[in-house]
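Q: On the provided structure of chain R, position chain B as indicated by the hints.
If you read the sequences in order, they're chains R and B.
Counting from 1, one number per residue, gives the positions in the first sequence under the numbering used here.
Counting from 1, one number per residue, gives the positions in the second sequence under the numbering used here.
A few of these clues could be false.
To be verified - Per the computed footprint, the stretches of chain R lying under chain B, defined by three or more beta-carbons under 8 Å from a beta-carbon of chain B, are: (1) 11-19; (2) 251-262; (3) 304-318.
Unchecked claim - When the alpha-carbon atoms are kept at most 30 Å apart in a straight line, the in silico DSSO-like pairs for lysine-lysine are as follows: (4) R:Lys599 to R:Lys587; (5) R:Lys17 to R:Lys126; (6) R:Lys17 to R:Lys541; (7) R:Lys17 to B:Lys101; (8) B:Lys40 to R:Lys300; (9) R:Lys332 to B:Lys40; (10) R:Lys541 to R:Lys477; (11) R:Lys541 to R:Lys126; (12) B:Lys40 to R:Lys441; (13) B:Lys101 to B:Lys40; (14) R:Lys300 to R:Lys335; (15) R:Lys407 to R:Lys488; (16) R:Lys31 to R:Lys184; (17) R:Lys488 to R:Lys477; (18) R:Lys335 to B:Lys40; (19) B:Lys182 to B:Lys145; (20) R:Lys587 to R:Lys610; (21) R:Lys17 to B:Lys145; (22) R:Lys491 to R:Lys407; (23) R:Lys17 to B:Lys182; (24) R:Lys300 to R:Lys31; (25) R:Lys446 to R:Lys407; (26) B:Lys151 to R:Lys17; (27) R:Lys17 to R:Lys31; (28) R:Lys446 to B:Lys40; (29) R:Lys407 to R:Lys441; (30) R:Lys431 to R:Lys441.
Quick caveat, the hints were computed from the structure, so don't treat them as lab data.
Yeah, the Cβ is synthetic: ideal placement off N, Cα and C, and Gly gets one too.
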Amino acid sequence: MDDMNARIERMLEQVQKAPRYTGGEMNAVHKDWDSVRLHYGFCFPDTYEIGMSHLGLKILYGLVNEEADSLCERFFMPWTDMMALMEEEDIPLFSIESRRPMRDFDMIGFTLQYEMSYTNILMMLKLGRVHLLSAERERDEPIVVAGGPCAFNPEPLADFIDAFMIGDGEEVTLEVTRTIADWKASGEPRIECLRHLARIGGVYVPALYDVTYHEDGTVAAVTPNDPAAPERVLRCIVTDLDSAYYPLTMPVPYTEVVFDRIMLEIMRGCTRGCRFCQAGMLYRPVRERSLPRLLEIAQKLEDATGYEEMSLSSLSSGDYSCLPDLIRALLKQFKGRHVSVSLPSLRLDSVLKESLEETQQERKTSLTFAPEAGTQRLRDVINKGVTEGDLMEKVRDAFSGGWSGVKLYFMIGLPTETDADLDGIVDLAQKVSRAYFEVPKGQRAKGLRITVSASSFVPKPVTPFQWEPQDTQEELKRKQRYLRDRLKNVKGVVFNYHTPELSFLEACVSRADRRFGKVLMRAHELGCMLDGWSDIFSFEKWLQAFADCGLDPLWYACRRRGEDEVMPWEHIDSGITRSFLRREYEKSLREETTRDCRKGCNACGLNRLKGVCAIADALRV
Amino acid sequence: MRMLCVFEKSERVRHIGHLDIMRTVGRALRRTGLPLSYSKGFSPHVLLTFASALSVGAVGRRELMDVTLDEDVTPEAFLAALNAALPPEMQASEARPLPEKHPALMAMVQGAEYELRLMDAEAADAFRAALPGFLAQAEIITPRKTKSGVKDCDIRPLIHRLSMEGDALVATLALTERESCKPDMLLTALSAFAGIDVPRALVIRRRLLGLSEDGTLVPLETL
Chain R
1 MDDMNARIER MLEQVQKAPR YTGGEMNAVH KDWDSVRLHY GFCFPDTYEI
51 GMSHLGLKIL YGLVNEEADS LCERFFMPWT DMMALMEEED IPLFSIESRR
101 PMRDFDMIGF TLQYEMSYTN ILMMLKLGRV HLLSAERERD EPIVVAGGPC
151 AFNPEPLADF IDAFMIGDGE EVTLEVTRTI ADWKASGEPR IECLRHLARI
201 GGVYVPALYD VTYHEDGTVA AVTPNDPAAP ERVLRCIVTD LDSAYYPLTM
251 PVPYTEVVFD RIMLEIMRGC TRGCRFCQAG MLYRPVRERS LPRLLEIAQK
301 LEDATGYEEM SLSSLSSGDY SCLPDLIRAL LKQFKGRHVS VSLPSLRLDS
351 VLKESLEETQ QERKTSLTFA PEAGTQRLRD VINKGVTEGD LMEKVRDAFS
401 GGWSGVKLYF MIGLPTETDA DLDGIVDLAQ KVSRAYFEVP KGQRAKGLRI
451 TVSASSFVPK PVTPFQWEPQ DTQEELKRKQ RYLRDRLKNV KGVVFNYHTP
501 ELSFLEACVS RADRRFGKVL MRAHELGCML DGWSDIFSFE KWLQAFADCG
551 LDPLWYACRR RGEDEVMPWE HIDSGITRSF LRREYEKSLR EETTRDCRKG
601 CNACGLNRLK GVCAIADALR V
Chain B
1 MRMLCVFEKS ERVRHIGHLD IMRTVGRALR RTGLPLSYSK GFSPHVLLTF
51 ASALSVGAVG RRELMDVTLD EDVTPEAFLA ALNAALPPEM QASEARPLPE
101 KHPALMAMVQ GAEYELRLMD AEAADAFRAA LPGFLAQAEI ITPRKTKSGV
151 KDCDIRPLIH RLSMEGDALV ATLALTERES CKPDMLLTAL SAFAGIDVPR
201 ALVIRRRLLG LSEDGTLVPL ETL
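So that you can see chain R by itself, here it is in the shape it has in the complex:
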């Protein structure tokens, strides 16, 4: 250990951004290694700055560390300079807290927030000297688990992950840690651990399932090969957020991270039913934290961290049922303590002028709107229940209220999109620009800046668009050029877009089947990692990996799925039924909208389960 520490110290003198690896932050938990029976290495498959911005990490870190017989330490993806030094000094990937190698942990857990982090998972396992393939791991190696939104299609990672936790992690995580601790003490072979895990509700153990394929390459069936494995794995749902675990303290990084503030999760789930939005489906039903509980959490977190800034976090904070009350209460509670409260992901049809004015009290934050599509027709297709009238009203309020910067988020490549919809984006930007100049000169803030961002649409599993092909890269590039050429004539507009290569790969991975594991392994061997970083990402290597494995990326990304095609993830029960998704898909093609489920149950599938969704339950009585 001492020798390893000395070598780590030598490495830290040479790397850029050593604070990524040094740990010792305020509120970091350092438990005596030998005082607990379960050692959990929580892995965020990206750099420290990104991982430490993630609320889920803080929840699970606190949850496991509050257990007397368990400890949780953090692992992040090292940067390339650190990786080179680790190889030179022969140092395996070590935890932030105790600097123990990954191999020493009983359990390693990856959070799957975005598909393009998968190569980092393989790299971290390799650096940690843990066998990449689940089938090759020995008894004394850690049990490798994963969870998070991407776990709803676990198949691309099925070769590498021993067990997936599907859905909300607050309860199942502790069932899994206890099961692994018991197994560790039992002396049983590794397969028995996997069987114990498979018996836990919400846990999927891919090794206990066989996949068969049709001749055309589509999945025929995914069937259990072991009595411990259920036919379908129903996701975990925490029904009451007030009683669910929430950390009242969290590590405060020394160095600046992406979201360096208190994150207050005010609710989970969204009732809007936007058809492109995977999170909107996966996190159903909507569950709110009560105002008193939120005020308590906010106070404790402020006391424990000293952060100057707090953000309300949820998929659609504007929909929180007593948002103005909450903001008013927070501002009152922290008056004189100089805490600014910011509202991310504001939905433009629920922003209250009043609460906007209140947030200004501390600091003027930028305003973001996400109309997603440029025409009402296309917004109806994607069920984005927002009208141009709503948007313009809010924009005018913002400009006359002293804002001069507005961000507008759009997607291109949405199903049924034509150039007329792109013209709609330009038209909307023009109207926003005009609205600014309609405010008399002395009364408006200087420096109009309309940021128009167009991201490339990626069809995701467990959404009504899961059957849809993605636009080809050529088509997406043409659409980007089309918009760029037209938006440059609009006063005050900055147009943001990215090359569609990453979105294309994301489309491949997100709906991939188990055979994709070979491509991922090959990509890893070819050196793919840190794919989210444009200076490191190599599209060519990925294409080579597909070619080497005899799989066609276009078949995964740009193919329309048949109505009856078995999806590779269909043995995972997200709670949302296939028939609901199909119904929504067909409605979208007819340009029909579906109401917000707060206005009435739309029978998404959760209505099958009692005591899960309040809206569905009210209907049942």
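A: Relative to the frame of chain R, chain B by itself:
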């Protein structure tokens, strides 16, 4: 009231830069619940100044900060609250109230005592042998990195004391807003004189020094 406080930047956090240290102490102060004073203006911040920035990679045993409070607090209460709020790697050891008219700490710093812990015993031996001759020089011309490039400068008058303690070089060096000798400049000059490569050294700033009434360098916090 103003409170002078002595704190440590320990080995584990030595790679944290000065701006990050300032932010960390600012947040720690906010956690204390002490009656902090804030700057006026658009984005108010805690009134907190440091005597001297410590470079990335260096340990500081007795670093100094000056905190302004809206109400009077005893040094004992201040220390207890601050230490409960600071990470274990950055604990405070002393606090005392400063008169309102006390000059800014930054303007009082005249020097610092460093321990340069050598990782290589051979280099330590070479330094030990070279030290008398090194100090006997009338001038010691050494390159100094500045914003505009590298310039030669004479560090001999900036070295107040220099000796070996075991395998560590202990040096009292000038540190003022006008001129200072950084530990790496001393290492470079001494290595060149001893005819060896610049060795790896852990830089520990033991204390900051100011000028007493009789013209001697004394720990700044005693002034």
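Q: Compare the structure with each hint and give your call.
A: Cross-check of the supplied hints:
1. 11-19: Per the Cβ count (4), the hint holds.
2. 251-262: holds (count 4)
3. 304-318: With 5 residues in contact (Cβ-Cβ under 8 Å with chain B), the coverage given for the stretch 304-318 of chain R holds.
4. R:Lys599 to R:Lys587: holds (18 Å)
5. R:Lys17 to R:Lys126: Within the cut-off at roughly 22 Å; holds.
6. R:Lys17 to R:Lys541: Distance ~28 Å between R:Lys17 and R:Lys541 Cα, so the pair holds.
7. R:Lys17 to B:Lys101: Violated: R:Lys17 and B:Lys101 sit about 39 Å apart, past 30 Å.
8. B:Lys40 to R:Lys300: holds (26 Å)
9. R:Lys332 to B:Lys40: Holds, because 20 Å separates the two Cα atoms, which is no more than 30 Å.
10. R:Lys541 to R:Lys477: Roughly 21 Å separates the two Cα atoms, so the pair holds.
11. R:Lys541 to R:Lys126: holds (19 Å)
12. B:Lys40 to R:Lys441: holds (29 Å)
13. B:Lys101 to B:Lys40: With a Cα-Cα distance of about 20 Å, the restraint between B:Lys101 and B:Lys40 holds, given a limit of 30 Å.
14. R:Lys300 to R:Lys335: holds (15 Å)
15. R:Lys407 to R:Lys488: Distance of about 16 Å is within 30 Å: holds.
16. R:Lys31 to R:Lys184: holds (20 Å)
17. R:Lys488 to R:Lys477: Holds, because 17 Å separates the two Cα atoms, which is no more than 30 Å.
18. R:Lys335 to B:Lys40: With Cα atoms ~15 Å apart, R:Lys335 and B:Lys40 stay inside 30 Å; holds.
19. B:Lys182 to B:Lys145: holds (10 Å)
20. R:Lys587 to R:Lys610: holds (27 Å)
21. R:Lys17 to B:Lys145: holds (21 Å)
22. R:Lys491 to R:Lys407: It holds: about 14 Å lies between the C-alpha atoms, which stays within 30 Å.
23. R:Lys17 to B:Lys182: Cα-Cα ~22 Å, so holds.
24. R:Lys300 to R:Lys31: holds (22 Å)
25. R:Lys446 to R:Lys407: holds (16 Å)
26. B:Lys151 to R:Lys17: The hint holds at about 28 Å.
27. R:Lys17 to R:Lys31: Distance ~26 Å between R:Lys17 and R:Lys31 Cα, so the pair holds.
28. R:Lys446 to B:Lys40: Status holds; Cα separation ~24 Å.
29. R:Lys407 to R:Lys441: holds (21 Å)
30. R:Lys431 to R:Lys441: holds (17 Å)
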